[in-house]
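There are 2 protein chains.
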Amino acid sequence: MSGASKHKVTLLAGGVGGAKMAEGLAALPDVELSVIGNVADDDEFHGLWVSPDIDTLTYSLADVIDRNQGWGVADESHRALDTLTRLGNDTWMSLGDRDFGLHIHRTMRRLRGERPSVIARDVARAFGIAAEILLPTDDRVQTRVRTDAGWLSFQEYFVRERCAPEVRELAFDGIEQARPTPEALAAIAGADLIVIAPSNPLVSIAPLLATPGIRDAVRAAPAFKVAVSPFIAGKVVKGPADRMMAVLGLRADAAGVAERYAGVAQTLVIDHQDEGLCDEIRAHGMTPICAHILMKDKTDKARLAREVADLCLAPAAAEAVA
Amino acid sequence: MSGASKHKVTLLAGGVGGAKMAEGLAALPDVELSVIGNVADDDEFHGLWVSPDIDTLTYSLADVIDRNQGWGVADESHRALDTLTRLGNDTWMSLGDRDFGLHIHRTMRRLRGERPSVIARDVARAFGIAAEILLPTDDRVQTRVRTDAGWLSFQEYFVRERCAPEVRELAFDGIEQARPTPEALAAIAGADLIVIAPSNPLVSIAPLLATPGIRDAVRAAPAFKVAVSPFIAGKVVKGPADRMMAVLGLRADAAGVAERYAGVAQTLVIDHQDEGLCDEIRAHGMTPICAHILMKDKTDKARLAREVADLCLAPAAAEAVA
Chain Y
1 MSGASKHKVT LLAGGVGGAK MAEGLAALPD VELSVIGNVA DDDEFHGLWV SPDIDTLTYS
61 LADVIDRNQG WGVADESHRA LDTLTRLGND TWMSLGDRDF GLHIHRTMRR LRGERPSVIA
121 RDVARAFGIA AEILLPTDDR VQTRVRTDAG WLSFQEYFVR ERCAPEVREL AFDGIEQARP
181 TPEALAAIAG ADLIVIAPSN PLVSIAPLLA TPGIRDAVRA APAFKVAVSP FIAGKVVKGP
241 ADRMMAVLGL RADAAGVAER YAGVAQTLVI DHQDEGLCDE IRAHGMTPIC AHILMKDKTD
301 KARLAREVAD LCLAPAAAEA VA
Chain G
1 MSGASKHKVT LLAGGVGGAK MAEGLAALPD VELSVIGNVA DDDEFHGLWV SPDIDTLTYS
61 LADVIDRNQG WGVADESHRA LDTLTRLGND TWMSLGDRDF GLHIHRTMRR LRGERPSVIA
121 RDVARAFGIA AEILLPTDDR VQTRVRTDAG WLSFQEYFVR ERCAPEVREL AFDGIEQARP
181 TPEALAAIAG ADLIVIAPSN PLVSIAPLLA TPGIRDAVRA APAFKVAVSP FIAGKVVKGP
241 ADRMMAVLGL RADAAGVAER YAGVAQTLVI DHQDEGLCDE IRAHGMTPIC AHILMKDKTD
301 KARLAREVAD LCLAPAAAEA VA
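Those protein sequence lines, which keep their order, are chains Y and G. Oh and the first sequence: position 90 is 90 in the UniProt record's numbering, straight run, nothing missing. Oh and the second sequence: position 275 is 275 in the UniProt record's numbering, straight run, nothing missing.
A couple of the hints might just be wrong.
So the derived list for chain G, only partly shown, Cβ under 7 Å to chain Y, looks like this [what the hints assert, rightly or not]: (1) 7; (2) 46; (3) 64; (4) 79; (5) 84; (6) 93; (7) 100; (8) 102; (9) 107; (10) 110; (11) 126; (12) 128; (13) 264.
Pulled from the structure, derived: some chain Y residues nowhere near chain G, Cβ distances all over 10 Å [unchecked claim]: (14) 48; (15) 80; (16) 98; (17) 105; (18) 189; (19) 220; (20) 247; (21) 302; (22) 307.
Since the hints were derived computationally from the structure, they do not count as laboratory data. The C-beta atom is built at its ideal place from N, Cα and C for all residues, glycine as well.
Hey, can you work out the whole structure from these sequences and the hints?
Structure representation (structure tokens):
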């Protein structure tokens, strides 16, 4: 790669953790970023199509995200939702007024028959985002969560029930029939570096990789492939991944992540606190790299992104560090 | 009619003027009010079904109307519209955030196949409105306005072009196929008094009366029928009715209104300033009654409503006054 050209980095990302990683990578001057986001937690509310992970990516990269919650738009109000509540609708899904504008726009274009990935690209451009936000598929894939009280949609489990019920089983409705988008396949095949974000392996990354054609494309891609662990000392920074993995009988730590991503990525970036898991990670065929992986602010994001991107320049360094 | 029972009053109404008349009548303790609103200026914005006249009635009767503009909800913001603007949509139709909640709700239910008049009734109840808000038809009727620049939808003419182009022709698309709602027909047939509000005769009242079955039902109804003139000294209080009537070669004053409503109502309530038109109004077969018809505040609305409702009790008094 010549000094003048940029490194093509393709990130597979879920919601909040993925968006932070995306922000770090997007800020690197030598990186041309494509993010393939998760659409399996999309859902319909009040007749509008809501795409929480894609919107978190969009709002984060546009720097209009509510930094306190990590999702939704800053300076938000809930007047439309107030009316919907008054009219007798279930309004446990917190949708802000600025946010509603996007859902209205997306739904209108979907109903016109436009490809969801074209809509997502146009929205990203309208928000002034230089990175490409891509969808794994234009087809409808929906994560379902089986609890002791029955099957729930992901948002019912995640937002309405606040992850309280134990997860007995996960399913991705529609995944067998889903076709990958040509844009996602091209971003995977043409990447210098493929990064799996520190997102929930079971409900953010799994439906991405399970989209027919995507896992094979990642495996076949000539890029260097690295995953960033969402775990620090057996806990995730945000979300239910740790409890979910434990209750499903999976190892809920960086070694469990290595087990899941073995064969997809060669390298796993883990936190310094998880150094003791290096041997187990190697046993799964992955090379561990220790870093400070907690992204509290811009500096953290930039530093982690720099370390990860540098793997692309000098992958041989990976083994030396670990 | 026994002293204990209420007078059944059915009002045919357009937007702002109709809503004021509705408020006045709704406040009378001895009146049971049904309002048949105009749906011919409904339109679709951003994939959502917007029903401006019905919403003005609803917001007015619920006392959440923006009293300064006469339409829309008080304490409103425009964040959803800001997002839609950012995403490249034409956003000349000012839709507030609280208002969007209603459009989202209505659209969702329409797409489910629910009758628009059932939705309007439920919305009115959710807003705590005792009066019945009825639709003349559940079918799609849309006012089109021919200008020198071609045909416009009513909202394009009224909001986007601010009534600037001269109106050459009016059409109500879909009116021939429209079927009246049983609720509207029942409210007309069962009324003690039918009132035509001081709304635009050409674009608010005309599409109501032109809905197949409605004009005949009004004519056949045993009720006393009275219209309230929207004109005061040759001008209307709000909207383009005066200019519209003049440019279409109609008399733009209370006598012109009498000409239009002759055969539908027996009596026309006109402003004291228009006393000089009484003979002409009588020549059209209508009985003029002079009153203060400008409704600036609650007191004005209550006084005019009282005078109009009393026609129901003692219609013989009408001739005596005029």
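Now for the hints, and whether the structure bears them out:
1. The beta carbon of residue 7 of chain G comes no nearer than 30 Å to any beta carbon in chain Y, farther than 7 Å, and the hint placing it at the interface is violated.
2. Interface restraint check for residue 46 of chain G: the shortest CB-CB distance to chain Y comes to about 5 Å, inside 7 Å, so the restraint holds.
3. Among the interface hints, the one on residue 64 of chain G is violated; its C-beta lies about 10 Å from the nearest C-beta in chain Y, farther than the 7 Å criterion.
4. Contact between residue 79 of chain G and chain Y, as hinted, is supported at the beta carbon level, the nearest pair being about 4 Å apart and thus within 7 Å.
5. The beta carbon of residue 84 of chain G comes within 5 Å of a beta carbon in chain Y, closer than 7 Å, and the hint placing it at the interface holds.
6. Evaluation of the residue 93 of chain G hint against chain Y yields a violated restraint, the C-beta minimum of about 13 Å exceeding 7 Å.
7. Given the 7 Å rule on beta carbons, the hint for residue 100 of chain G holds: about 5 Å separates it from the nearest Cβ of chain Y.
8. Hint status for residue 102 of chain G relative to chain Y: holds, with the closest Cβ pair at about 5 Å, below 7 Å.
9. Interface restraint check: residue 107 of chain G against chain Y, minimum CB-CB distance 6 Å, threshold 7 Å, status holds.
10. The interface hint given for residue 110 of chain G is broken, as the beta carbon of that residue sits about 9 Å from the closest beta carbon of chain Y, more than 7 Å.
11. The interface hint given for residue 126 of chain G is met, as the beta carbon of that residue sits about 5 Å from the closest beta carbon of chain Y, less than 7 Å.
12. Annotation: residue 128 of chain G was flagged as interfacial toward chain Y, and the flag is violated, the nearest CB pair being 9 Å apart, outside 7 Å.
13. Checking residue 264 of chain G against chain Y: minimum C-beta separation of about 35 Å lies over 7 Å; hint violated.
14. At roughly 7 Å from the closest C-beta of chain G, the C-beta of residue 48 of chain Y falls inside 10 Å, breaking its exclusion from the interface.
15. Under the 10 Å C-beta cut-off, the non-interface status given to residue 80 of chain Y relative to chain G is violated; the minimum distance is some 4 Å.
16. Not every Cβ of chain G is farther than 10 Å from the Cβ of residue 98 of chain Y; the closest lies at roughly 4 Å, contradicting the non-interface assignment.
17. Not every Cβ of chain G is farther than 10 Å from the Cβ of residue 105 of chain Y; the closest lies at roughly 5 Å, contradicting the non-interface assignment.
18. With 10 Å as the threshold on Cβ separation, the claim that residue 189 of chain Y sits away from chain G holds: the shortest Cβ distance comes to roughly 30 Å.
19. At roughly 36 Å, the least C-beta separation between residue 220 of chain Y and chain G is larger than 10 Å, which holds for a residue marked as non-interface.
20. At roughly 35 Å, the least C-beta separation between residue 247 of chain Y and chain G is larger than 10 Å, which holds for a residue marked as non-interface.
21. At roughly 27 Å from the closest C-beta of chain G, the C-beta of residue 302 of chain Y stays outside 10 Å, upholding its exclusion from the interface.
22. The claim that residue 307 of chain Y lies off the interface holds: its Cβ sits roughly 34 Å from the closest Cβ of chain G, which is beyond the 10 Å cut-off.
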